[in-house]
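So the protein sequences, as listed, match chains C and L.
Take the first sequence: its position 17, counted from the start at 1, is 24 in this note's numbering, and no numbers get skipped.
Take the second sequence: its position 257, counted from the start at 1, is 275 in this note's numbering, and no numbers get skipped.
These are calculated hints, taken from the structure and not from any lab test.
Over 12 Å on every C-beta distance to chain C, these chain L residues come out as not near it, computed from the model:
id : residue
1  : Asp38
2  : Gln267
3  : Asn278
Result set (DSS-like, lysine-lysine): computed pairs, CA atoms no more than 30 Å apart in a straight line:
id : chain 1 : residue 1 : chain 2 : residue 2
4  : L       : Lys164    : C       : Lys151
5  : C       : Lys173    : C       : Lys151
6  : C       : Lys173    : C       : Lys104
7  : C       : Lys173    : L       : Lys164
8  : C       : Lys151    : C       : Lys104
Glycine included, each C-beta is placed from N, C-alpha and C at the ideal position.
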Amino acid sequence: MTGSVRWQDAALGVIGTGSLFVLWELASRLGFVSPNVFPAPTTAIIGTLRTVPLLDILGHVGTSLLRIIWGFALGVAAGTVIGIASGWYRAFGVLTKPVIELLRPIPPLAWIPMAIIWFGLGEPSKVFVIFLGAFFPIVTSAYKGMTGIDPALLRAAQTMGLRGPKLLFRVAVPAAMPDLATGIRIGWGLSFGVLVAAELIAADQGMGFMIMNARQLGQVGVIVFGIILIGVMNLITDYFIGAVIRRRIGRWHAV
Amino acid sequence: MMADTAASTGSSNPATAKIDVRGVSKRYATDDANTPPVLDDIDLTIGDNEFVTLVGRSGCGKTTLLNIIGGLVEPSHGDISVNGRLVTGPGEGKGMVFQQHALFPWLTALHNVGFGCRNNGVSAAESDRISRQLIELVGLQGFEDKYPTELSGGMQQRVAIARALATDPEILLMDEPFGALDELTRLEMQDELLRVWSAHKKTVVFVTHSISEALVLSDRIILLAARPGRIRREFIVPFPRPRQRTDPQMIALYDEIWRNLA
Ligand SMILES: Nc1ncnc2c1ncn2[C@@H]1O[C@H](COP(=O)(O)OP(=O)(O)OP(=O)(O)O)[C@@H](O)[C@H]1O
Ligand SMILES: [Mg+2]
Chain C
8 MTGSVRWQDA
18 ALGVIGTGSL
28 FVLWELASRL
38 GFVSPNVFPA
48 PTTAIIGTLR
58 TVPLLDILGH
68 VGTSLLRIIW
78 GFALGVAAGT
88 VIGIASGWYR
98 AFGVLTKPVI
108 ELLRPIPPLA
118 WIPMAIIWFG
128 LGEPSKVFVI
138 FLGAFFPIVT
148 SAYKGMTGID
158 PALLRAAQTM
168 GLRGPKLLFR
178 VAVPAAMPDL
188 ATGIRIGWGL
198 SFGVLVAAEL
208 IAADQGMGFM
218 IMNARQLGQV
228 GVIVFGIILI
238 GVMNLITDYF
248 IGAVIRRRIG
258 RWHAV
Chain L
19 MMADTAASTG
29 SSNPATAKID
39 VRGVSKRYAT
49 DDANTPPVLD
59 DIDLTIGDNE
69 FVTLVGRSGC
79 GKTTLLNIIG
89 GLVEPSHGDI
99 SVNGRLVTGP
109 GEGKGMVFQQ
119 HALFPWLTAL
129 HNVGFGCRNN
139 GVSAAESDRI
149 SRQLIELVGL
159 QGFEDKYPTE
169 LSGGMQQRVA
179 IARALATDPE
189 ILLMDEPFGA
199 LDELTRLEMQ
209 DELLRVWSAH
219 KKTVVFVTHS
229 ISEALVLSDR
239 IILLAARPGR
249 IRREFIVPFP
259 RPRQRTDPQM
269 IALYDEIWRN
279 LA
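Looking at chain L on its own, in the form it has when it is part of the complex (with noise of 0.2 Å):
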């Protein structure tokens, strides 16, 4: 079975690589020369609808690393190709959930979700349909006409979630986005991003904190060691989905984990 989940994700097989690192090292303008690098020469190949998991302390460049692979930051070195192409910019089939959330502030709940689509050539009507569609999965239907200062701040990361499903793209960058669910909300909302993960053939690239997050959802989990910013670890997450918390496997891995963290 471990064989099974492993080859149909197709981790770290470079034929079918989705996203690939190449030597990717960061260091920001400001940092002055002799602090070691945000990031420091990653590699790291993701697999056409992988489910990676991106963990590590508060600052240990979680949030550059997926903003590199987002195209919104450049690195110092290296590069980082999607689909066999180097990536030049953000946008592109790459869609982001940002560690604060990111909502325009003047548009409604609704007019937020639709802003890609509307903005990409699709008719208003087609996409307040979807948009609909994807505040009901978010589980915020009544709220569609609220601005993001109505909403708490849960509701906002869900709006945000909608958002960058909105324009369907394969691959999803989310950085903590459940970090402001209460763990009720969050285990729904988990379950609903794995089933449009396996629904939609999404490649997923996530952040958290949460260790028992990341073993429920993650194909592999990604530990980032803190300045210099190096992968530590990988951990591969191969028990079948949904997974049981409590699966004595599932503490065994969570124990792990924690140790090397630590």
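Isolated chain C (complex conformation) (with noise of 0.2 Å):
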């Protein structure tokens, strides 16, 4: 993609969500709908901002995003060796497969009171929820990614006398990055969308807390500021693993 096709698309990307943005304020303000059920994003925001100190709201953040950081690490790094060794290890693949695809559908957040019995109610059972958001589309990818590698490509590289380890770190894993990275990307998404539910549940911190919170209080201003910053630290973040991924594949692999 060229530069300026790429600020084209940036530019119609950020108009589209301006209007929706206007629209939003407008049909508040016309009263199209009530104030005290929908509140105008300026209004959600700017009230928001003059009630709960704003450290408090970044102390909500910066807990969610540990979180998250915590469950995504851990469903990467669980994901991607298992995902890995059940594509490349055909015995292991065989075994693990139908095991994941049994759990693979279950939502999460069915975790829940699982994740509460075992873990209490503490950090680890958020997560853990984060983690099996994550884990799951990025354990499928890696498995997609090594059993659909061009076999003509482990072949040259047989021809050149690789064999075991070598062949899968230096050809098969390189080969299965596109697939990988993919996963990462969904499974960062889905990560973030357990949060709040998982935050929901028994928290005294974070994001989901402060929307949770803000009900029991009536702020329905709070809770509109918390959904609009949750879309966009999914967007900055989501933006900034895609920037990652493209600066690392991207040469060779249309991301």
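Bring the two chains, given one by one in their own frames, into a single complex with the hints.
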């Protein structure tokens, strides 16, 4: 993609999002929707910044990010290792694939009660649920990447004397990288998705808690602010991950 | 002169056999039992430093035979030995150029060429030096840092040729390596290949669809028949190199091969 096209796309994206916000703002200001139920974005943001101390907000964001980074990092580590191993070692794949397929469709949130019993109400239970959100897309795409490698590449490397771990790490893993990268990106999005839900249950910190707490206090503006904040956080971090991926493999693989 | 060339190539002299294909048959697992085998009882002895070309119609089993010699595909029957030792797998001095170039998309041209060296204990600096030389040999200087997707089909093929040469294998197995090249580049690459072949004493098994290419390059041309895949005929090309396509003797041999192919 050329630079100017990328800028054009970015500009269109901003226009699209901007229009939505303007419409929303107008709808609320002109009384199409009641500000008590669905306040205008500016009202929500300014109102929240007036009532909730900035340090508190940053604390919630920080706590959430820390949880998500832990859960996601564990998900990446386990998903990558297990996915690659099950795609490479046939017997291991036959062993693990049905288990993964069995567990994969279960929504991570369904594990919350289990997580609370296993890990209690503290941090580990939230990290665990976030981990599940990241793990499954990553393990599946790593497996898909490994089993979809062009056999000609492996053969070419074999004719140059590569076998065993060298063939795995110098050829198979790089060849599976594009699929793995896609899985990582999806995994990050899902981690974000389950984060709030995990925090809704039992937490005294975090963006999810902030929203839930605001509901009890009847602060609709804070809820709206929290929702926008989550969207923006996800957008920024996803952009960052996308940029890292593009930097690493974008030159040889269109992302 | 004809006797001279034959002696110097040592063709079909078992004492100097480099590659020995004995009774090789191949049936792919997906073939049903009634179809004739892809390869049927192939016997072929290739001498040290000999240049042998396989020709035959599309689908007659040239790639299969080359892969079997390379140790990438297992024959259903028969065996292959190189230097008198049974072939059990790929590698071990058998360089390959694939019909589908099979470059590593995540590596630049330079690193594709140097891949074999770097992964066999050669220092990065030394393998870069070797790779640069070979990139120049195939006429791609200036493209060292391009990725395969940024190269044309013919350029990719030339990178693949350079890559096969980088580890200096004693045997080169080349599957239509010049297929994607324009006529002029093709002629240049043929010259370069002959130069490398004679300077470095390599044994070459080459696949092509071009009879004239086979005639310019080879000591011996093996014509394969399809399903069952058998050796239909062998032609010794006794003329000294460099050969002229317009030489009446070459034209006569061309016609003879052509008649047998059809
Ligand atoms: N992996 C495979 N599995 C099943 N059948 C195969 C396989 N590879 C090749 N064949 C079959 O074997 C036959 C010979 O194929 P091969 O690729 O060796 O032909 P070829 O002489 O190299 O043809 P071309 O000139 O088109 O490259 C074909 O009929 C093909 O369908
Ligand atoms: Mg072929």
